[in-house]
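Peer 1: Here is how the chains run, residue by residue.
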Amino acid sequence: MSSDKSSPRSQKKRKTKVSTKAKARKRPAKKQLRKTKARFLKRTTVIPLLLISLVLFLGYLFYLDQRITERFEGRIWQLPAHVYARPLELYVGKYISKEQIMFELDYLNYQKVEDLPQRPAQYRNWKDVFEIKTRDFIFWDGEEDSHTIRVTIKDNKVTELINLYTTQGVDLVRFDAGYLTGIFPSHSQDRVLLKLDDVPDIFIKMLLLIEDRRFFTHWGVDPLSIGRALLVNITSGRTVQGGSTLTQQLVKNLFLTQDKTIVRKINEAFMSLLLELHYDKMLILETYINEIYLGQDGRRAIHGFGLASEFYFGKALKQLSIDEMAVLVGIVKGASYYNPKRNPDHARERRDIVLTTMQQVELITQRQKEKLSSKAVMTVKHASSGLYPAFIDMVKLQLQQDYQADDLQSEGLRVFTTLDPYIQFNTEQAIVNTLPWLSKNEELQAAAVVVSPSNGDVLAVVGGRKPSYKGFNRALNAERQIGSLIKPVIYLAALQDPSRYTLSSILDDSEFSYQAPGQPDWQPQNYDKEYHGEVTLYEALLKSHNIPAVRTGIDIGLDNVIDTLAALGSKKSVSALPSITLGAIDMSPVEVATVYQSFSANGFHSPLRSVHAVLDKDRQPLERYSLEVDNKVKPEAIALVNSAMIDVTKYGTAKRLSDSLSIQVAGKTGTSDDLRDSWFAGFSGDVMAVVWTGYDDNRPTTLTGSSGAMKIWKNLFKEVAYKSYRVPEAPGLVRSWVSAKDGLLTGKDCENAVELLFIEGSQPQQKGDCAAGSSGNWFLDLFN
Amino acid sequence: MSHLFRLFSSIFLLLLLVSCASTEKHSITEDAAVATGNYRYQAWRLDNSGQFEAINVLLDEADLLIENQSYDAAVDKIERALRIKPEYAPAWSRLSWLALQTDSPKRSVQMAKRSNSLAFSDPELQSLNWSFIREASEMLNDVEAYQRANQKIESLNAF
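Chains as they are written, first to last, in the working numbering: chain W, 3 to 786; chain L, 174 to 332.
Possibly wrong hints are sitting among the right ones.
Within a straight-line C-alpha distance of at most 30 Å, the following computed DSSO-like cross-link-like pairs (lysine-lysine) qualify [said to hold, decoys possible]:
#1 L:Lys279 - W:Lys320
#2 W:Lys545 - W:Lys373
#3 W:Lys156 - L:Lys258
#4 L:Lys258 - W:Lys636
#5 W:Lys320 - W:Lys197
#6 W:Lys159 - L:Lys258
#7 W:Lys343 - W:Lys545
#8 W:Lys254 - W:Lys207
#9 W:Lys750 - W:Lys636
#10 L:Lys279 - W:Lys573
#11 L:Lys279 - W:Lys574
#12 L:Lys258 - W:Lys720
#13 W:Lys720 - W:Lys343
#14 W:Lys636 - W:Lys619
#15 W:Lys373 - W:Lys343
#16 L:Lys258 - W:Lys100
#17 W:Lys531 - L:Lys279
#18 W:Lys267 - W:Lys335
#19 W:Lys652 - W:Lys634
#20 W:Lys383 - W:Lys531
#21 L:Lys258 - W:Lys129
#22 W:Lys472 - W:Lys398
#23 W:Lys725 - L:Lys325
#24 W:Lys159 - W:Lys114
#25 W:Lys156 - W:Lys750
#26 L:Lys279 - W:Lys398
#27 L:Lys279 - W:Lys634
#28 L:Lys258 - W:Lys398
#29 W:Lys317 - W:Lys267
#30 W:Lys159 - W:Lys398
#31 L:Lys279 - W:Lys636
#32 W:Lys383 - W:Lys343
#33 L:Lys258 - W:Lys652
#34 L:Lys325 - W:Lys634
Here are some, though not all, of the chain L residues that point toward chain W, as calculated from beta-carbon distances under 10 Å [unchecked claim]:
#35 Glu226
#36 Asn241
#37 Asp245
#38 Arg253
#39 Pro259
#40 Glu260
In case anyone wonders, no lab produced these hints; they're calculated from the structure. Beta carbons are placed, not taken as given, at the ideal position from N, Cα and C, and that holds for glycine.
Put together the whole structure using the sequences plus the hints.
Peer 2: Structural data, given as structure tokens:
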């Protein structure tokens, strides 16, 4: 504009130029001097500066390069150990309720469908019939293929198990093992590593289409993409598109922070170029697939498509449908905003964009796109990690014997445990639902340990009234007086010598005082504060009288009692004090379970184990924890005690159990001084459990063993125990009818008659008033 | 050499037992068992296979693994069988034999004792278990236990 040229400012500029030129003409020598000076400066400072900068730059590049190669040549990730529950196995004859099978399928995130299950992890159900397609799974002893089966359940038993396609009978089906939790490093990143071969081709095409179309042609940075993103962002006035390549995203995740600074961007670009210089495109893609952050599960960060696929859909990536894959690819843009669990609408919108893009480049047809877009985003309601902390403590305890904590947190181990999710759930429910009935005081605590009698497998552990609370684990660490739970141990020690003790032996239940030098007299009392005179050993155990147990313990020797406790599997160091005969021994529920497992297995002790096997990250076996048995007590003597413990649950301190349970069980109540601890330990033919209730500060409760812990135990066994416990038949054992009062032989129909078990040759010989063949009525006998 | 000796003597003993075992319990013919020279527990296969065929399947798989000398894997299969039917004495006996093959004589004794505690009505299996105990006692240099086992075997054989 002409007016502009004549403005005062432009005139001033012109004037200045003119004036400068004039000066230059006037002083050529000065200019020459300055030029010489500049040349000199350039030679002496600028060039060395440039050289120094170049060296520094190259050094910096070298440093970046080192960072990249160090990470890539070594272990890229710390992989947490993944912990699994025991797998469900089905076969004809297995005891299982419909409720349990529903629970197990739900726990494993199987999807209920209306039609025949076509894909793994689907099932349909009507009445007593389940049609299921299981997942394939790699166990420590090999791979289990997917099965398509029909299971019929009647009267809590599998009555039919057939292959759905061939209609042939199937002998045994093992389901996949449910994921329990991870043992994480401090950053809590979790991932399931995938090889590129495990990733479906369509998924790779979809991912590259959305995230980096020129991945196979660029060198780590794509100027075209950056330019396009810049244009789109400028025209829309906000950041709507990123220009980062997959390589840049990977570099950012692996090496850099999430800061949006120019320095970070420059580093990212250089490192991307270096990464591409060093490594193959396919390795970079595989690493990206395993690294990308895709969500959060509490403290656990979900990384990589392998884990994300399992976390969101309960399936392996290769088992996903195209729409499910599209959801996962959509999450990359924003793991929180497009989280399909929390924001299914956002996830669906993003999925549809992915599908539309796919259709535009003809990866799918228009019809396919429409069909896939019409589907809802269905995720699995995954049991969040971090459940069952008390059981996991036990797993860690066992693994600590063979593994460093660091290995557990970083080597990607796969740990197969013994946890039975259904029994664990019911143990938790029994505690949570029963405690409010026992006391209104919410400080009353409980703990439980459930074990498989035959092999010592720990099936469930609950460490407190809030089972998912990760604090003090009472099942493992609360050592409390066991009270009368010691009595079966004392009587077992005595009955191992049948020449001195039998179930019909008469014990003295009268006032008793124990004198030790320099100690005040110790005068134990019965719970009812009364003395019962002469009682049989059988009755003393049934009614849990204290004084006969004390007298017997002292008679056979306290060391003998301690040795028997050890023979049953206890590793507890116990002092030979007379009070141990009343259970003044501090033990945790797990320690008690160790001892009672031996009773439940008829004297064959198996150390409790919570882990079956460990695989490495490549699913190769590392460690197996085999079944162990050890027998240090006479099985015949155990049979006598167990037969009496059956009667404890029918006629003794736990007699209320027989009203509630339809199967035969054996057990013993335990109550410590002043009702501070309430215990119950008992077993059926298939489950053994120990339950404790009490206060953490050891204050008295109002509960005995039968009014407290036993109620929890009963509610648990109503749900999970199917098989009656029976004393095994064995040579050398005989049964005789005796009077429970005086221990003499008696007739079956006589008063107080009870059929007791004896080690052959030790049964009583003396007949009582109402002897065998006698009715007990002399007048009637005259006529008989 | 001692391994081979143990293996052959065990095979001989088992074949002897298989040939002596009651035909009612067999699910294959004695001839077939002998002819294949197998060292399997088919003499003790469960007859009510409709209900517990799962156990037979697992023990058959264990036998195949044993043939390939994959003893640990065979133990896994047998332990699975025992989770299904813990009172199945022949499976415990099989674990006892496997423990001998892996030089674990103490374990072998315990497994054999467990088997015997469940096999009171099966003198043949008891005799086999005592033979394992005898062999384990020899490995442990426990002369007294060896002789006791010998006496047991003799009395069971007489029975």
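Peer 1: All hints, please: hold or fail.
Peer 2: We went through each hint and held it up to the structure:
{"no.": "1", "hint": "L:Lys279 - W:Lys320", "result": "violated (47 Å)"}
{"no.": "2", "hint": "W:Lys545 - W:Lys373", "result": "violated (71 Å)"}
{"no.": "3", "hint": "W:Lys156 - L:Lys258", "result": "holds (20 Å)"}
{"no.": "4", "hint": "L:Lys258 - W:Lys636", "result": "holds (23 Å)"}
{"no.": "5", "hint": "W:Lys320 - W:Lys197", "result": "holds (11 Å)"}
{"no.": "6", "hint": "W:Lys159 - L:Lys258", "result": "holds (15 Å)"}
{"no.": "7", "hint": "W:Lys343 - W:Lys545", "result": "violated (56 Å)"}
{"no.": "8", "hint": "W:Lys254 - W:Lys207", "result": "holds (22 Å)"}
{"no.": "9", "hint": "W:Lys750 - W:Lys636", "result": "holds (28 Å)"}
{"no.": "10", "hint": "L:Lys279 - W:Lys573", "result": "holds (20 Å)"}
{"no.": "11", "hint": "L:Lys279 - W:Lys574", "result": "holds (23 Å)"}
{"no.": "12", "hint": "L:Lys258 - W:Lys720", "result": "holds (22 Å)"}
{"no.": "13", "hint": "W:Lys720 - W:Lys343", "result": "violated (36 Å)"}
{"no.": "14", "hint": "W:Lys636 - W:Lys619", "result": "violated (45 Å)"}
{"no.": "15", "hint": "W:Lys373 - W:Lys343", "result": "holds (22 Å)"}
{"no.": "16", "hint": "L:Lys258 - W:Lys100", "result": "holds (21 Å)"}
{"no.": "17", "hint": "W:Lys531 - L:Lys279", "result": "violated (48 Å)"}
{"no.": "18", "hint": "W:Lys267 - W:Lys335", "result": "holds (18 Å)"}
{"no.": "19", "hint": "W:Lys652 - W:Lys634", "result": "holds (29 Å)"}
{"no.": "20", "hint": "W:Lys383 - W:Lys531", "result": "violated (55 Å)"}
{"no.": "21", "hint": "L:Lys258 - W:Lys129", "result": "holds (28 Å)"}
{"no.": "22", "hint": "W:Lys472 - W:Lys398", "result": "holds (14 Å)"}
{"no.": "23", "hint": "W:Lys725 - L:Lys325", "result": "violated (33 Å)"}
{"no.": "24", "hint": "W:Lys159 - W:Lys114", "result": "holds (22 Å)"}
{"no.": "25", "hint": "W:Lys156 - W:Lys750", "result": "violated (38 Å)"}
{"no.": "26", "hint": "L:Lys279 - W:Lys398", "result": "holds (28 Å)"}
{"no.": "27", "hint": "L:Lys279 - W:Lys634", "result": "holds (13 Å)"}
{"no.": "28", "hint": "L:Lys258 - W:Lys398", "result": "holds (29 Å)"}
{"no.": "29", "hint": "W:Lys317 - W:Lys267", "result": "violated (36 Å)"}
{"no.": "30", "hint": "W:Lys159 - W:Lys398", "result": "violated (34 Å)"}
{"no.": "31", "hint": "L:Lys279 - W:Lys636", "result": "holds (18 Å)"}
{"no.": "32", "hint": "W:Lys383 - W:Lys343", "result": "holds (8 Å)"}
{"no.": "33", "hint": "L:Lys258 - W:Lys652", "result": "holds (27 Å)"}
{"no.": "34", "hint": "L:Lys325 - W:Lys634", "result": "holds (20 Å)"}
{"no.": "35", "hint": "Glu226", "result": "holds (4 Å)"}
{"no.": "36", "hint": "Asn241", "result": "violated (13 Å)"}
{"no.": "37", "hint": "Asp245", "result": "holds (6 Å)"}
{"no.": "38", "hint": "Arg253", "result": "holds (7 Å)"}
{"no.": "39", "hint": "Pro259", "result": "holds (3 Å)"}
{"no.": "40", "hint": "Glu260", "result": "holds (8 Å)"}
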